[in-house]
Structure formats: C-alpha cells, structure tokens
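Number of protein chains: 2
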Amino acid sequence: MKTLSTSLSHGGVQGVYSHASETCNCEMTFAVFVPPQAKDGKLPVLWYLSGLTCTHQNVMDKGEYRKLAAELGVIVVCPDTSPRGEDVADEPDNWQFGKGAGFYVDATQEPYAKHYKMYSYITEELPALIAKEFPADMDRQGIFGHSMGGHGALTIALKHPERFKSVSAFAPIFEPSTAGWSRPALEKYLGADEASWRPYDTVALIREGKSFPEILIDQGTADSFLDEGLRPWLLEEAVKGTQTKLTLNMREGYDHSYYFISTFMDDHLRWHAARLG
Amino acid sequence: MKTLSTSLSHGGVQGVYSHASETCNCEMTFAVFVPPQAKDGKLPVLWYLSGLTCTHQNVMDKGEYRKLAAELGVIVVCPDTSPRGEDVADEPDNWQFGKGAGFYVDATQEPYAKHYKMYSYITEELPALIAKEFPADMDRQGIFGHSMGGHGALTIALKHPERFKSVSAFAPIFEPSTAGWSRPALEKYLGADEASWRPYDTVALIREGKSFPEILIDQGTADSFLDEGLRPWLLEEAVKGTQTKLTLNMREGYDHSYYFISTFMDDHLRWHAARLG
Numbered sequence: 011m012k013t014l015s016t017s018l019s020h021g022g023v024q025g026v027y028s029h030a031s032e033t034c035n036c037e038m039t040f041a042v043f044v045p046p047q048a049k050d051g052k053l054p055v056l057w058y059l060s061g062l063t064c065t066h067q068n069v070m071d072k073g074e075y076r077k078l079a080a081e082l083g084v085i086v087v088c089p090d091t092s093p094r095g096e097d098v099a100d101e102p103d104n105w106q107f108g109k110g111a112g113f114y115v116d117a118t119q120e121p122y123a124k125h126y127k128m129y130s131y132i133t134e135e136l137p138a139l140i141a142k143e144f145p146a147d148m149d150r151q152g153i154f155g156h157s158m159g160g161h162g163a164l165t166i167a168l169k170h171p172e173r174f175k176s177v178s179a180f181a182p183i184f185e186p187s188t189a190g191w192s193r194p195a196l197e198k199y200l201g202a203d204e205a206s207w208r209p210y211d212t213v214a215l216i217r218e219g220k221s222f223p224e225i226l227i228d229q230g231t232a233d234s235f236l237d238e239g240l241r242p243w244l245l246e247e248a249v250k251g252t253q254t255k256l257t258l259n260m261r262e263g264y265d266h267s268y269y270f271i272s273t274f275m276d277d278h279l280r281w282h283a284a285r286l287g
Numbered sequence: 011m012k013t014l015s016t017s018l019s020h021g022g023v024q025g026v027y028s029h030a031s032e033t034c035n036c037e038m039t040f041a042v043f044v045p046p047q048a049k050d051g052k053l054p055v056l057w058y059l060s061g062l063t064c065t066h067q068n069v070m071d072k073g074e075y076r077k078l079a080a081e082l083g084v085i086v087v088c089p090d091t092s093p094r095g096e097d098v099a100d101e102p103d104n105w106q107f108g109k110g111a112g113f114y115v116d117a118t119q120e121p122y123a124k125h126y127k128m129y130s131y132i133t134e135e136l137p138a139l140i141a142k143e144f145p146a147d148m149d150r151q152g153i154f155g156h157s158m159g160g161h162g163a164l165t166i167a168l169k170h171p172e173r174f175k176s177v178s179a180f181a182p183i184f185e186p187s188t189a190g191w192s193r194p195a196l197e198k199y200l201g202a203d204e205a206s207w208r209p210y211d212t213v214a215l216i217r218e219g220k221s222f223p224e225i226l227i228d229q230g231t232a233d234s235f236l237d238e239g240l241r242p243w244l245l246e247e248a249v250k251g252t253q254t255k256l257t258l259n260m261r262e263g264y265d266h267s268y269y270f271i272s273t274f275m276d277d278h279l280r281w282h283a284a285r286l287g
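From first to last, the protein sequence lines are chains A and B. Mapping to this note's numbering: the first sequence position 107 is 117, numbers consecutive. Mapping to this note's numbering: the second sequence position 231 is 241, numbers consecutive.
Don't take every hint at face value.
Cut-off 30 Å, straight-line C-alpha distance, at most; resulting in silico cross-link-like pairs (BS3-like, lysine-lysine) [as the list claims (entries may be wrong)]:
hint: 1; chain 1: B; residue 1: 72; chain 2: A; residue 2: 72
hint: 2; chain 1: A; residue 1: 49; chain 2: B; residue 2: 72
hint: 3; chain 1: B; residue 1: 124; chain 2: B; residue 2: 52
hint: 4; chain 1: B; residue 1: 72; chain 2: B; residue 2: 175
hint: 5; chain 1: A; residue 1: 52; chain 2: B; residue 2: 175
hint: 6; chain 1: A; residue 1: 72; chain 2: B; residue 2: 52
hint: 7; chain 1: A; residue 1: 52; chain 2: A; residue 2: 169
hint: 8; chain 1: B; residue 1: 175; chain 2: B; residue 2: 220
hint: 9; chain 1: B; residue 1: 142; chain 2: B; residue 2: 250
hint: 10; chain 1: A; residue 1: 72; chain 2: B; residue 2: 12
hint: 11; chain 1: A; residue 1: 72; chain 2: A; residue 2: 49
hint: 12; chain 1: A; residue 1: 175; chain 2: A; residue 2: 255
hint: 13; chain 1: B; residue 1: 220; chain 2: B; residue 2: 169
hint: 14; chain 1: A; residue 1: 124; chain 2: A; residue 2: 169
hint: 15; chain 1: B; residue 1: 72; chain 2: A; residue 2: 12
hint: 16; chain 1: A; residue 1: 124; chain 2: A; residue 2: 142
hint: 17; chain 1: A; residue 1: 255; chain 2: A; residue 2: 198
hint: 18; chain 1: A; residue 1: 52; chain 2: A; residue 2: 124
hint: 19; chain 1: A; residue 1: 49; chain 2: A; residue 2: 142
hint: 20; chain 1: B; residue 1: 124; chain 2: A; residue 2: 72
hint: 21; chain 1: A; residue 1: 198; chain 2: A; residue 2: 169
Bear in mind the hints are in silico, worked out from the structure with no lab data behind them.
Please put together the full structure from these sequences, using the hints given.
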C-alpha cells in the first residue's frame, strides 16, 4: 500500500492510499479517515460507496463527514467506483458505463471481466487490506453510499448481513435492471441473461428472501433522477411484510448532489454509530 | 445578475451567480449561501476571500460552512480571486500571479490595470450587488479568508473598520512585500515604488496607525508556507501596544489545506456571529 497524502483534519487523519489490486488487475486508490480515538485502540469501520462519475475524492471533498466521524470515533473508508488505468476497457463518452461506473458488480463479459470486479474488490480484497493496515475493528462494520453507491451498499449488506451491523443510503438506485441509466451497464458487464443480474438488485434480493434488520434511506424530492432512475417506492413495496424495516425520509426540495448528501450526512453517521457500538 | 445554479443545502440555498463586472471589466462569478432564516428578514453577511489558485468554488465545496451558517443565520459570500476570461492578461504557468492570484489589490500597471481591480470589486461593486439582490443586512458585515484571502480580509477590514464588525483569517499572508510568493505580484500589479504596496500590507497598515478591535487567526504548525510566506509573528509583533487585540491560535500538525480550514471553520463562524449580532 502506498500513501499518496495525509492531512490532519478535525483531529483525525484523512489519508489517500493506493495499492496494486489483484482483483481489479490495476492500481486502485481509496481514502480513509481515521479519527483521533484510534490512539486508544481499534475503531468501527464505515464504508461509503460513491455514485456514478465519482472517485474516492468527491465525498472526501464534499461529504462533510469528518467532524462528526471524529466525534463518534468511526473510521470512514471511501473506495473508488471502478477500475482505473489506460488499459481498462471504457466508453469515455458514456458516464453511465465503464470507468467511474462499476456498479459494484463482478463483470463476466469481455473485455470488462479483466478489470471490472468491484463487488469482489469491495467485499474481499479491500477489507483485507483495511484490516491489515488500519486500526479497524472488522467485527463492527457498517456500509452506506450514494446513488449507484447506495445500490452497492444495499446489495452488499443484504448478501453479508453477518458482516455489517448497519446499512443506509442517500438516493440509491433501485431495480437497476429496469432503470435506463443502469440496464445497459448490467447487460455489458453481466451478459444478456437477466437472471445473472439479480444478485445485484436490492429489490430482487428482498423478494428472494434476503433481509436486513433496518435500512435508512434519505431521498430528495427535487432529485432529477427520482422517477426514472431511483424509485425508492420499489423498495418500500418490496419490504412490506418482510423482516426488513425501512426508514425512508423524503426530503422536500433536495436534489441529487453533495449539497443533499452533506445535509443529511450527520443523521446517517449517527444511525451507523448507534448500531456499531 | 445571472443565476448559474442553486441547491438546497442544510435548509438554506447555496447559489452560484455571475454578472458583468464594470470594475474588473469582465464576467465575474461568485457564490452566496442564504440560510433558512432569510424568510423572516435580512441577515448579516460574512465575506470569505479565497487563496491563491482558488475560485469561488473551493470553499463552497470544501469549507464545511453551511451547516453552522444555517444554524447561526449568516449569509456567506464567496467571491472569485481574480478577473477571468480569455482577454485577461495572465501568466498561465505562474500560480502566484494573474488569474487566481489577484491579491485583492487595484492594479495600476499595464496590462493588468484593465482587469485586476479586485480591491474595488470586493469593497464596492460586489457589496452593492449583494445588497440589491440578496436579503443582506449591510449594517452587519464580517470578513474572513484564507492565505492570500486572509491577507485580503485583514487589509480590507483595517481600511473599513466602520463597515465590518468582525475579521478573522486562516493562515493569512503577512508582509506580502517581503514574501517570495507575493512580492513579484505586487511589483507587477502596482509598480516598483514600494510605497504604493503599503495599503495592501496588514503589518504596514497597523504600523501606520490603522486598527481593528479584535482579530482572530488560526495557523497550522505543519503549514509548509509558514516560515517563508505567512509568518503570523509579524502581526503579533506589530499589534503590541496598539488598540488591536490579536487572538492567534497555532494549531499543532495542521497544514495549509481545506482540511485545516474546515476543522476550524465553526470557530470562525461563531466568532463572527457573536460580533454580528
């Protein structure tokens, strides 16, 4: 692991690191904030998965998470959203596919299968590195994210309920198989057989019996992607009569940007901290 | 005035605007955050002047000021740091001069005098526009800034003590005439006669008898520009025995970045709010 930068911030250390990822077959960059309480022992870990077009840096710059994370004593890990590098297959003019748009799946189709393994990267390789290199209590993990990253956080938590004590999302994508901005990506990464898409679909996972005790979602009503790409009512419908309790806050007038995320970041940090102990 | 964007954030509105500036002879962009209390009447105004290489956007993205400004009910105005546009004289490879480096002076030397009038822009033209277009109580103004913008805030407050009720700075430049990164800029903007530089020098202004009741400064000890470019001890020395009371906080381990600024942003917002009433 290489340290690209570290800065003292709100009493903790905001660092940016990179490593040669075997899973993604390229150099991967990620950000970690370690609160000041780390001097006294291991701390719980909160994973933040970013949305389309983002790197680790967007939330690091605009997420406004450090002040409260430093108070609560929670490590915040912010991975990239896709493999990177000149030899990584991409559609440079398409912001909904390729670099910056890994959708947290393991691609099976060429030429994408060589690098686009974000599901395994986020659930296996990067956690092992975090556990090794940071003062992280891996028995206390939570996960959240925004938009495509909210989709990633929810699908990952539903498939690893034993690992994560908490999950939440800002304006997550639901049913990516029926949303215009994600359907073509799933087809290119996973192939035409839609059965192979289902493990990456929160609503499908819940319909198939997966559950998580509690889910927190915040969604802005002025989000221009709400009706076509996000549709939290699909989850609201799916969890009815299940073991999964959904708290869905519709936030009047808020859009899809980090202005929205940062406004409700503290609520989400407190949600996770309360469940991470 | 053109509205370039608005987003709801922490209950207020973060907007970005532009206008044809007569002073700078070009289109100028600026950011304004209006807290939710504006629905009940005019609010105090806090000016944030940014540092070298910045636009209005850096602090808007990374300053973490909206949450507390929304609680305190303070409008935050974030201007650009220089004139902009293709016909504005510049040294594109020099980050310490030209675009992004206006130093809050009124240039007298050609070819810079045509556009580089940031002192008049910040003290005359933009305040008039803010008073006209926003719910701003111009009898309650404070000013602060970072680095070059800290220098700007302090020099402007010292020359307008009747206008500003409060001033503070993050890692401001002192004695720009003797600092390597500012001396060449002053010479190019103002000419070789150093007497013409003095109105833009906090230490010189205080030595000449200007005063401000209280100044708050935060400075990181790990700031790589501290010894050569910032040197707050010059102000500490200059205010001795004067009417100006300086609170200088040296912050162990903090650097020159927005990680430092955002950490102490709340302290500065509270400092200003307490004095703006």
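Verification of the supplied hints:
1. Taking the CA atoms of residue 72 of chain B and residue 72 of chain A, the gap is about 6 Å. The hint holds against a cut of 30 Å.
2. For a cut-off of 30 Å, the pair hint linking residue 49 of chain A to residue 72 of chain B stands: about 26 Å separates their Cα positions.
3. Straight-line distance between C-alpha atoms of residue 124 of chain B and residue 52 of chain B comes to about 35 Å, which puts the hinted pair past the 30 Å bound.
4. For the hint linking residue 72 of chain B to residue 175 of chain B, the alpha-carbon distance of about 25 Å falls within 30 Å, and the restraint holds.
5. For a cut-off of 30 Å, the pair hint linking residue 52 of chain A to residue 175 of chain B is broken: about 46 Å separates their Cα positions.
6. In summary, the hint linking residue 72 of chain A to residue 52 of chain B is supported, as the alpha carbons are separated by about 28 Å, within the 30 Å threshold.
7. For a cut-off of 30 Å, the pair hint linking residue 52 of chain A to residue 169 of chain A stands: about 25 Å separates their Cα positions.
8. About 15 Å separates the Cα atoms of residue 175 of chain B and residue 220 of chain B, which keeps this hinted pair within 30 Å; it holds.
9. A distance of roughly 40 Å separates the Cα atoms of residue 142 of chain B and residue 250 of chain B; the hinted pair therefore is violated under the 30 Å criterion.
10. The hinted pair formed by residue 72 of chain A and residue 12 of chain B meets the criterion: a straight-line CA distance of about 24 Å does not exceed 30 Å.
11. Taken as a hint, the residue 72 of chain A and residue 49 of chain A pair is honoured in the structure, with Cα atoms around 26 Å apart against an allowance of 30 Å.
12. Restraint check: the Cα-Cα separation between residue 175 of chain A and residue 255 of chain A comes to about 14 Å, which is no more than 30 Å; the hinted pair holds.
13. About 7 Å separates the Cα atoms of residue 220 of chain B and residue 169 of chain B, which keeps this hinted pair within 30 Å; it holds.
14. Using a Cα cut-off of 30 Å, the hinted pair residue 124 of chain A and residue 169 of chain A holds, with the two alpha carbons roughly 23 Å apart.
15. For the proposed pair residue 72 of chain B and residue 12 of chain A, the alpha carbon gap of about 25 Å is at most 30 Å, so the pair holds.
16. The hinted pair formed by residue 124 of chain A and residue 142 of chain A meets the criterion: a straight-line CA distance of about 26 Å does not exceed 30 Å.
17. Restraint check for residue 255 of chain A and residue 198 of chain A: the C-alpha separation of about 33 Å exceeds 30 Å, so the hint is violated.
18. A threshold of 30 Å between alpha carbons decides the hint, and for residue 52 of chain A with residue 124 of chain A the separation of about 35 Å lies outside it, so the pair is violated.
19. For the hint pairing residue 49 of chain A with residue 142 of chain A, the CA-to-CA distance comes to about 16 Å; that is within 30 Å, so the pair holds.
20. A threshold of 30 Å between alpha carbons decides the hint, and for residue 124 of chain B with residue 72 of chain A the separation of about 35 Å lies outside it, so the pair is violated.
21. Proximity of residue 198 of chain A to residue 169 of chain A is assessed by CA-CA distance (about 23 Å); at most 30 Å being required, the pair is judged to hold.
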